[in-house]
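**Student:** The lines below spell out each chain.
Protein chains: 2
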Amino acid sequence: MYRFFVNPFCINEANVAFTSAQCHKILHVLRLVSGNEVQVLDGHGYEYRVRLKEISSSKVIGVIIEKKQVFRYPEKNLYIYLSLLKRENFEWALQKCTEIGVQGFIPTVYSRTVLNIDSNSQKFQRWQRITTEASEQCHRANTPELHSPINFHEALDEAQSNTMNLIPWELETKTRIQDIITNTDKVPPPVKFGLFIGPEGGLTHDEIEMAKRSGLFPVTLGKNILRSETAAIVASTIVIQSG
Amino acid sequence: MYRFFVNPFCINEANVAFTSAQCHKILHVLRLVSGNEVQVLDGHGYEYRVRLKEISSSKVIGVIIEKKQVFRYPEKNLYIYLSLLKRENFEWALQKCTEIGVQGFIPTVYSRTVLNIDSNSQKFQRWQRITTEASEQCHRANTPELHSPINFHEALDEAQSNTMNLIPWELETKTRIQDIITNTDKVPPPVKFGLFIGPEGGLTHDEIEMAKRSGLFPVTLGKNILRSETAAIVASTIVIQSG
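Quick note, the sequences are listed as chains E and G, same order.
Just add 12 to wherever you are in the first sequence, counting from 1, and you've got this note's numbering.
Just add 12 to wherever you are in the second sequence, counting from 1, and you've got this note's numbering.
Rather than coming from a laboratory, the hints here were simulated on the basis of the structure.
It is possible that part of the hints are untrue.
One copy or two, it doesn't matter: identical chains are merged, so the pair holds either way.
As the list claims (entries may be wrong) - EDC-like, lysine to aspartate or glutamate: derived pairs with alpha carbons at most 20 angstroms apart: (1) Lys-98 / Glu-25; (2) Lys-88 / Asp-191; (3) Lys-65 / Asp-191; (4) Lys-37 / Glu-148; (5) Lys-79 / Glu-148; (6) Lys-71 / Glu-166; (7) Lys-235 / Asp-54; (8) Lys-186 / Asp-54; (9) Lys-65 / Asp-218; (10) Lys-204 / Glu-184; (11) Lys-204 / Asp-169; (12) Lys-88 / Glu-145.
Take these sequences, add in the hints, and give me the full structure.
**Tutor:** Below, the structure written as structure tokens:
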């Protein structure tokens, strides 16, 4: 059955209203007709079985047949403070880390980040579309949170509420994520991890010093020097698969 | 023969001096005695056959019997039988898995692989350029092997010489790579893992049955359904980072 994420504002007791992009997909790509059933997720833990009623290129309405709660937040939540990167690399990291199960992305500007915080809302909408499509494709029950871009020092402040914050750094050669993360077994769930992924040019010594003072743990991802987007997916995999 | 990595500074023309941790292991764990032989690696490409002479809990000295330069494969070698994929996805997987440390790629045609084995040598040369550039960029000491494309049943035959073969499968829900891979600790290194990554359309039941009969282990990568290239990177990370 086809799956769609629909904003809870577009779902009432009886009906679901789809977005115009979804109308297009339903009508022209999937060629569904009135009476067909689809699965709708509200991204906040509810799943609906929905029968399509009105179908046009501008409006599709579905009738809710069944509603059930399907999602509890995982015991291990991972938030990535991901440096803005060259477009395709950033988007690739968003897509892959959504598949892996990252709970939220905070686009972050580090000293050596070559892109500025961009107020252009088109970019943000594009990122949202990428994470939503990846969530649909990988059968996640929710979509990850996508925050507005912030600076590194704002990220350090924001991360203070996390259970543990990790910052992969090429000059750290000993401490591996899987070695220190086991200590969080003792913390009552939900555990919230922050992962700081710097830009292509790497972290500055000032940044690492600030990070250490803020209680972040510098970690190694192995001997090879990974690109930023590779580091994001490798470190996320280790956090989520450990223990 | 037991193997020890010893810093080159502790090796001269005639003798090897072991660290105190190694002294403890030699004396109390392995219970070796004067006259026993061990293998010493300096981590810079030289391997030594060494006969133990003085043994105490604070000092162990060995006499070098033989010294040779060895090609330095890591102790854990990973070969991926990667389905041919849409161009950019296949190339992403090659690049990222090279960074992570995969030792070899065997492009493989599964039942649902939509591409054919292509005799076009340009494609192969392009793949080689991608893995070489990724190796240089990530500071690897060697480049991964790149084999010619083969069919799934040829891959099963070829994989028989591996220590252990893994095949991520969405209908396997219990066995995780990190749970079964620890058993390979007992196998003398180098350990050679084969990882079978199927196409976008998934593996057929016939393929899984053939795989099981050939001794492959079906494994899960978690609840989410990963794209093929994501599965390649996630599974490689788990194999290489485990233990």
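**Student:** Now tell me, hint by hint, if it's right for this structure.
**Tutor:** To see whether the hints hold, each was checked on the structure:
| no. | hint | verdict |
| --- | --- | --- |
| 1 | Lys-98 / Glu-25 | neither (43 angstroms within a copy, 42 angstroms between copies) |
| 2 | Lys-88 / Asp-191 | both (16 angstroms within a copy, 19 angstroms between copies) |
| 3 | Lys-65 / Asp-191 | neither (40 angstroms within a copy, 36 angstroms between copies) |
| 4 | Lys-37 / Glu-148 | within (13 angstroms within a copy, 43 angstroms between copies) |
| 5 | Lys-79 / Glu-148 | within (18 angstroms within a copy, 53 angstroms between copies) |
| 6 | Lys-71 / Glu-166 | neither (41 angstroms within a copy, 51 angstroms between copies) |
| 7 | Lys-235 / Asp-54 | between (42 angstroms within a copy, 16 angstroms between copies) |
| 8 | Lys-186 / Asp-54 | between (40 angstroms within a copy, 19 angstroms between copies) |
| 9 | Lys-65 / Asp-218 | neither (58 angstroms within a copy, 40 angstroms between copies) |
| 10 | Lys-204 / Glu-184 | neither (23 angstroms within a copy, 28 angstroms between copies) |
| 11 | Lys-204 / Asp-169 | within (15 angstroms within a copy, 45 angstroms between copies) |
| 12 | Lys-88 / Glu-145 | neither (22 angstroms within a copy, 36 angstroms between copies) |
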